[in-house]
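Chains as they are written, first to last, in this note's numbering: chain H, 1 to 266; chain Y, 1 to 258.
Since the hints were made in silico from the structure, they are not lab data.
Virtual Cβ for every residue (Gly too), placed ideally from N, Cα, C.
No false leads were mixed into what you were given.
Only part of the chain H face toward chain Y is listed, based on derived beta-carbon distances under 7 angstroms:
hint	residue
1	V19
2	H27
3	G97
4	I99
5	I108
Quick list of in silico lysine to any residue cross-link-like pairs, SDA-like style, CA-CA up to 20 angstroms:
hint	chain 1	residue 1	chain 2	residue 2
6	H	K260	Y	G17
7	H	K260	Y	P74
8	H	K260	H	L95
9	Y	K230	Y	L219
10	Y	K236	Y	D196
11	H	K66	H	V133
12	Y	K23	Y	I207
13	H	K66	H	V135
14	H	K260	Y	L57
15	Y	K23	Y	T10
16	Y	K23	Y	E8
17	H	K260	Y	F16
18	H	K260	Y	S15
19	H	K260	Y	E73
20	H	K66	H	Q231
21	H	K66	H	F198
22	H	K260	Y	S71
23	Y	K23	Y	V215
24	H	K260	Y	L56
25	H	K66	H	P200
26	H	K66	H	R226
27	H	K176	H	M263
28	H	K260	Y	T72
29	H	K260	Y	D59
30	H	K66	H	Y51
31	H	K66	H	G144
32	Y	K23	Y	I214
33	Y	K223	Y	Q193
34	H	K176	Y	G17
35	H	K66	H	L47
36	Y	K23	Y	G11
37	H	K176	H	R262
38	Y	K23	Y	E210
39	Y	K23	Y	L57
40	H	K260	H	T174
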Amino acid sequence: MTTPATSTTRAPFLVDTAVLTTRSLRHVVRSPDTIITTAITPVAMLLLFVYVFGGAIDTGGDQDEKYVNYLLPGILLITVASGVAYTSYRLFLDLQGGIFDRFHSMPITRSATLWAHVLTSLVANLVSLLLVVLVALLMGFRSGAGPLAWLAVLGILVLFTLALTWLAVIAGLTAKSPDGAGGFAYPLLFLPFLSSAFVPTESMPGPVRWFAEHQPVTSIVDTLRRLFAQQPLGNDAWTALAWCLGLLGLAYALAMRSYKRRMSPC
Amino acid sequence: MTTNTAIEITGLTKSFGDNAVLKGVDLRVREGTIHALLGSNGAGKTTLVRILSTLLLADGGEARVCGRDVSTEPARVRESISLTGQFAAVDEVLTGRENLVLVAQLRHVADPGGIAEDLLARFDLTEAGARRVATYSGGMRRRLDIAMSLVGNPRVLFLDEPTTGLDPQSRLEVWRTVRELARQGTTLLLTTQHLDEAEELADAIAILHEGSIIVDGTLDELKALLPPAKVEYVQKQPTLEDIFLTLVGHTSPAGSDQ
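In isolation and in its complexed conformation, chain H is listed as follows:
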């Protein structure tokens, strides 16, 4: 018989999060289809827009600029938006199946159960993003961006993924059915269409253009595009950063609130 464990671990939160993240990543690795499906929608859109609509779209830039270069930043955001749906789905299943009850009746740092899903989402989405970028490269996407610009692109995508993931956590915690858990992502998938992701906002009629120019996707897409094209960033970069951090903070606070409510309904 072993003696009852007296916790000698120095950083129980980190250990618990690491253990639970490993578990959650195993779920992803054992259903690789979730990564593929996450990448399929954006890849299909890449193909559709580059090879079908692309020839007729005037992005206003010089004519040598390839449409795939214009398109990729928006497609990357769509990748993340479709990927986080799996996070709410997995979270919902954990709550529904009772495994959260087991974890929560154990002497662990409780919030580690959420962080594990968030970190898993980050890893899974980065893999999907990598797949989409590889496909784009095959389709002729080229960027002269240096390592620093690529790092900045990565940083923005990480922030954007975290923000949407915490939104997904809210959906997973409050959903009543698995479909409801994943369904929250659909509106997110449409936001890029009402932005500069596919066509320049200048071509849109008044109110639509106003909306497009003031919603987060446009500033984030424009920033990514400038980073890829090695253009000066301007104010858009700050707007994009503010949107990402603001959304992240808000989503995190709301997620924690519904988590506390869900865990001690009284």
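Starting from the known structure of chain H, fit chain Y onto it as the hints suggest.
Just chain Y now, kept in the frame of chain H:
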């Protein structure tokens, strides 16, 4: 150890909206005993277990597990309890071994791998240990569930309807495990709808009805509540369970393979 009371509940109340589920529950469970909590569906058994395992806050009253208050010292309570049965799940995507290692790591015990092997052997799951739990039968799953609850040797175990949905053989296996645990000094609070299960296992039986404990005592004490037994001569027929177990072979894999 100064006290031999493992669980002490006084005046516990809990409502969901207008629905008062627990209306002042009093219960005392002695250390190292099997205490059955009987009650029909919706009597509040699960609500009581959820409060005791720190998953739910009570509205009023007090509940202590191993001397610790579940509402003010939940972290300390969690160190001495474990939950299994109806609503505590196993991870279907992981293998049996991975499930055990996961719990061992979360309980920060030394040598999670070794503990997993011990428990797999003890619950006759060594061969199945490398398979995903999704492929397990109901009985194997429940055995794994109980095995996971034993990691770190909790002093108090909550078994919420541990044999619901099991075939007769698996049920007997679970019973054997429960008796074995009590023999080793674990305190078990067992909720069940099966009266025979309580009769078979419990040192004490409490009946939860419409939000409070209406009787609590040993089986003999409970029997004494009714008029003394009359002697009647009844032809003893084998029960269907006797027939079933005779036909399929009484011993279960857990007993025969060792």
